[in-house]
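> Residues per chain are reported as follows:
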Amino acid sequence: MALSFQDLIFRLQEFWGRQGCVIQTPYDVEVGAGTMCPETFLRVLGPQPYRVAYVQPSRRPADGRYGDNPNRLFKHWQLQVILKPSPADIQDLYLKSLRHIGIDLRKHDIKFEEDNWESPTLGAWGIGWQVMLDGLEITQFTYFQQCGGIDLDPVPAELTYGLERIAAFLQDVDSVYDIVWNPPKRGASSFSYRDVRHADELQFSVYNFERADVATLWQLFELHEKECRRLLAEYPSGQEPAEKRRFPVLAAYDQVLKCSHLFNLLDSRGAISVTERVAVIGRVRELAVGVARSWIDQNVAATFTSPSEEAVVAE
Amino acid sequence: MPSNEFFLEIGTEEIPDWMIEPALKELQNLLWGDLLLRSLVQEDGLAEVHATPRRLVLYIPAVLDKQPDIEKLVTGPPKSAPQRAAESFAQKMGVPLSQIEVVSTPKGEYWGFRQKQKGLQTKELLKTLVPDTVLRIHFPKTMYWTGKNGPRFIRPIRSLLALYGRRVVPFSIAGVKSAAYTFGHRVLGKPRIKVTGFQQFLEELKNNGVVLKADERREKILADAARLLAAAQPEGSPRRRTLRENPTLLNTLVYLTEFPTADMGQFDPAYLELPEEVLVTVMQHHQKYLSVSDAAGKLAPRFIFVMNLDEDSSGAICHGNERVLRARFNDARFFWETDQKTPLRDRLPMLEHVTFQSQLGTYRQKTERNVALVRRLAAFVPQAPVEHAARAAELAKCDLTTELVKEFTELQGVVGGLYARAQGEPAEVADAIYDHYKPESMEERSPRTPAGALVALADKLDTLAGCFTIGLKPSGSSDPFALRRATQGVVKILGDHNLHAPLLELIAAAQPAGEAAGQLLEFFLDRLRYYLREVRGFRYDEVNAVLAVGAQDVPDAIARCEAVRQVRPTSNFEPLSAAFKRIQNILRKAGGVEQFQGDPETSLLEAGAETELYAQARRVLEETKGSTDYEMVLRRTAELRPAVDTFFDKVLVMAEDERVRRNRLTFLAWLLRAFTRVADFSEIVVS
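So the protein sequences, as listed, match chains A and B.
Heads up: the first sequence is residues 1459 to 1773, going by my numbering.
Heads up: the second sequence is residues 187 to 873, going by my numbering.
Watch out, some of these pointers could steer you wrong.
List of simulated lysine-lysine pairs, DSBU-like, C-alpha gap at most 35 Å [said to hold, decoys possible]:
1) A:Lys1554 / B:Lys474
2) B:Lys334 / A:Lys1565
3) B:Lys399 / A:Lys1702
4) A:Lys1554 / B:Lys399
5) B:Lys474 / B:Lys527
6) A:Lys1554 / B:Lys278
7) B:Lys252 / B:Lys278
8) A:Lys1716 / B:Lys334
9) B:Lys313 / A:Lys1565
10) B:Lys252 / B:Lys474
11) B:Lys392 / A:Lys1554
Examples of chain A residues lying across from chain B (beta carbon under 8 Å, computed) [stated by the list, open to error]:
12) Ser1544
13) Lys1565
14) Leu1594
15) Ile1596
16) Tyr1601
17) Gln1603
18) Phe1627
19) Leu1628
20) Asp1636
21) Glu1698
22) Glu1701
Computed footprint of chain B on chain A, listed as stretches where at least three residues anywhere in the stretch have a Cβ under 8 Å from a Cβ of chain B [claimed, not checked]:
23) 1515-1529
24) 1546-1559
25) 1569-1579
Keep in mind that the hints were calculated from the coordinates and are not lab data.
Keep in mind it's a predicted model, so treat the numbers as computed, not measured.
Where a beta carbon is used, it is the ideal one built from N, C-alpha and C, also for glycine.
From just these sequences and the hints, can you work out the full model?
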């Protein structure tokens, strides 16, 4: 029997755990993609190696369809893997992970098709592919080049699995809502993706498109922006490593995430004109870039090394 | 001198399909060029390049073992110089005086020395030349993968195979050492294969699931497709299904695969209710499937997909692709049905919320400008029904608010046209909306109808005038509003629809402000020049000659270029061009052509060659007056050549008598003015 949604997650976590990844839990602030979690956005900065994998429910308010569309979701589940630095056999590892979830590569067609990733809000971009499985895009594969406006060294590889798509493929169902979430066990019933998530999709579509109060969202956006700016301004750049180490850069980053999510909400409410759009994205990016710089500076302080030659801040 | 085969395989992660052919060409040019420069290959020698997404291969069957020794003559002091100079020259060359010799040069006799340079061993040279060349290949967007100090390439390099005369050429790039190993197809081959020579390399690749040559992959796809189509003809039916050709997509598939196999999938014929344009876009652009026509040329409910594998043993691949296509078609149907609930005309107010450009307002405002411009331009497109064109301009941008266009942006305009038709707008209106973004490239056809041409002209000219007014001129490679394409589109429409609209008046109608009109005209002339040269294939001097005497009327300029091209090979033409150049020079020296206005005084013309030329010129002028049969005009003009030649043989332009001289110069200026109506001959570069 094909893997249930949760078994798919377990398998991928098991696989990447064996590759030395820290298996993290989803971040508890709303994000549009797994890339935005501190475990990716901040960990890819600077010279320290890191390997991590985690599931991240990712909110894209504008993609909501009231639970009506079989393939489109306001919130979808990503499995995010970061390998820093990227190993030379990364593509082979990735293909092995597919075998680990039951995909026989002798019976399926895999293609790596050019797809470069860019996030203007995060000042981040990378080079890579969308991985196609029998014509279905199942993974975004990216070699990060820049994050928060900073050149990355070493270069991390990011793998983002689209879990609903893969589960629907494995279970051969035409609607994500028909995905079996957990396998039936004696004395307990099995639940579908619909059972678990449909109300979530419906209600948040109503909120995001109809009910969210635009004025309140703007107010919240500005409050979080202000809080972030305040923190960044107070970062003790000239002071002792010990002072730097205890400074809440991570809290400042949470404010960036709040701003980014509020921006997405405002966008789905149709409250941002095309002209404003660029300006608001610029505001969020400025915060993200500020956090990235402070984070690097703080990490240099924390490791008591001299300022890393590799971690050059791109102007 | 002995020679050996050299070949190189750069093994990479998947290179974007569209970058592969240019990269191969560059690899070949760079390395071949360097070897040729060192006389290691023959100018007409052989070299081959091949590629799959994961490997770039260069093969040269014969590279000399070592550079030939060369002898270089170094010249020293003149023989007449004191002995000391010769001694110090010999010393500088590091040889006794007896080994320098006397050489004759055009400047006299000198001391000289034949210096011998040892040629470099090829295997030594390749060690540095090959890695340098690999990293010199230009790609549109590169990355680093080992770290910031590492090299940049299009995707990570994972394997390097370089053999010269069966020996490894040793070097390394990004920590990868060159070796005598290649690798097979990810699934069908072995990951590490020993290589001894190029023929064996080809054999091994074949045995390991890699079709190295692009042409073979292309043929395989087409052969597979033909077989599938033949096998799947409906039972007992004479109808034949055919593949819809799409060379660009085919090339993409060729460079996305190492072992391509085509297979055929089906979709529910119920989806054929949707417009073909939508279905084909989904299949070709989004899924990279080739589509299939039925006997009547209509879309058949079949598609050809190409896998990077030898077979679909369990049918799972076909099943998966059909499933994805079904989901895509369902989306498209959902959008189509949702969009129909709000007809285009009711979407006009929604354009108030769609920004065209911050300073140029919303699409609602652009629409109003487009409609007004359609009316102002109507006189230039006499065949176009103005009311229909205005209606089309009014509705043309409404499809930007539809779900279908939000999903498939490449179908803007097309979707509007389809909806307009479905919603009962007249065919003229629907077709004009459908075509109004065309032509989007120089290969694409212009709008089919005069109304479509009119709407397309208005839309493009409004964008151009607006953007130039607020200073958004394209610069270098940055052209976010695709203004070059818009300008070329205008030029092509004027040419294709034979519209004699002066460029300056077209620009003025779109009401650019300040300096924008002048800048736009300059921009148009630049694009017109490009169009005549690159698209219509006229030679640069022909284009210069034609545009020098008028560049306002596009079809007229095309006709004049055509005439020059036709008449140019005739015997009189180029000599006449030379004569005109001579006339221009004479006049320039005499103070400029504008100094000599009006007709020459006939009584002052010298009997013989001068009066004869004048009479002939008059006659030709009478016969060609006002004619737009430019080829005839040029032929007749070229026939003046013997008379012009005789004139220059027999008559001294700079006569002693001041009045005669001045009259003669006036005559030449008159000739120049009279016969440069079609083209300025002096611009023609005489071979």
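> Hints first: check each against the structure and report whether it holds.
For each hint, the structure was consulted:
With a C-alpha separation of about 26 Å, the suggested pairing of Lys1554 of chain A with Lys474 of chain B holds against the 35 Å cut-off. At roughly 39 Å between alpha-carbon atoms, Lys334 of chain B and Lys1565 of chain A are farther apart than 35 Å, so this suggested pair is violated. A threshold of 35 Å between alpha carbons decides the hint, and for Lys399 of chain B with Lys1702 of chain A the separation of about 59 Å lies outside it, so the pair is violated. Between Lys1554 of chain A and Lys399 of chain B, the direct Cα distance comes to roughly 29 Å. Compliance with the 35 Å bound is thereby established for this hinted pair.
Pair hint Lys474 of chain B plus Lys527 of chain B holds up; C-alpha atoms about 31 Å apart against a cutoff of 35 Å. Note on Lys1554 of chain A and Lys278 of chain B: the hinted pairing is violated, with a Cα-Cα distance of about 68 Å set against a maximum of 35 Å. Of the pairs offered as hints, the one joining Lys252 of chain B and Lys278 of chain B holds, with about 28 Å between alpha carbons and a cut-off of 35 Å not exceeded. This hinted pair checks out: Lys1716 of chain A and Lys334 of chain B have alpha carbons roughly 32 Å apart, not beyond 35 Å.
Simply put, Lys313 of chain B and Lys1565 of chain A have alpha-carbon atoms about 42 Å apart, too far for the 35 Å limit, and the pair is violated. About 48 Å separates the Cα atoms of Lys252 of chain B and Lys474 of chain B, which puts this hinted pair outside 35 Å; it is violated. Restraint check for Lys392 of chain B and Lys1554 of chain A: satisfied, since their Cα atoms lie roughly 25 Å apart, inside the 35 Å limit. With 8 Å as the threshold, the beta carbon of Ser1544 of chain A comes within range of chain B, its nearest partner Cβ sitting at about 7 Å, so the hint holds.
A least Cβ separation of about 5 Å between Lys1565 of chain A and chain B falls short of the 8 Å threshold, and the interface hint therefore holds. Interface restraint check for Leu1594 of chain A: the shortest CB-CB distance to chain B comes to about 5 Å, inside 8 Å, so the restraint holds. The interface hint given for Ile1596 of chain A is broken, as the beta carbon of that residue sits about 11 Å from the closest beta carbon of chain B, more than 8 Å. Interface hint at Tyr1601 of chain A: satisfied, since its Cβ lies 6 Å from the closest Cβ of chain B, which is below the 8 Å cut-off.
Hint status for Gln1603 of chain A: holds, given a least beta-carbon distance of 6 Å to chain B, under 8 Å. The beta carbon of Phe1627 of chain A comes within 7 Å of a beta carbon in chain B, closer than 8 Å, and the hint placing it at the interface holds. Proximity of Leu1628 of chain A to chain B is violated relative to the hint, the smallest CB-CB distance being about 11 Å (cut-off 8 Å). The restraint placing Asp1636 of chain A at the interface with chain B is violated, with a minimum CB-CB distance near 13 Å, outside the 8 Å limit.
For Glu1698 of chain A, the interface hint is violated, the least distance from its beta-carbon to any beta-carbon of chain B being 29 Å, above 8 Å. The criterion of a C-beta within 8 Å of any C-beta in chain B is not met by Glu1701 of chain A, whose closest approach is roughly 29 Å, and the hint is violated. Coverage of the region 1515-1529 of chain A by chain B holds in this model, with 3 residues showing a Cβ closer than 8 Å to a Cβ of that chain against a need of three. Interface restraint, the region 1546-1559 of chain A with chain B: holds (3 residues with C-beta to C-beta distance below 8 Å; minimum three).
Coverage of the region 1569-1579 of chain A by chain B holds. Counting CB-CB distances below 8 Å, 5 residues qualify, and the rule asks for three or more.
Against the hints set out earlier in the document, violations occur for numbers 2, 3, 6, 9, 10, 15, 19, 20, 21, 22.
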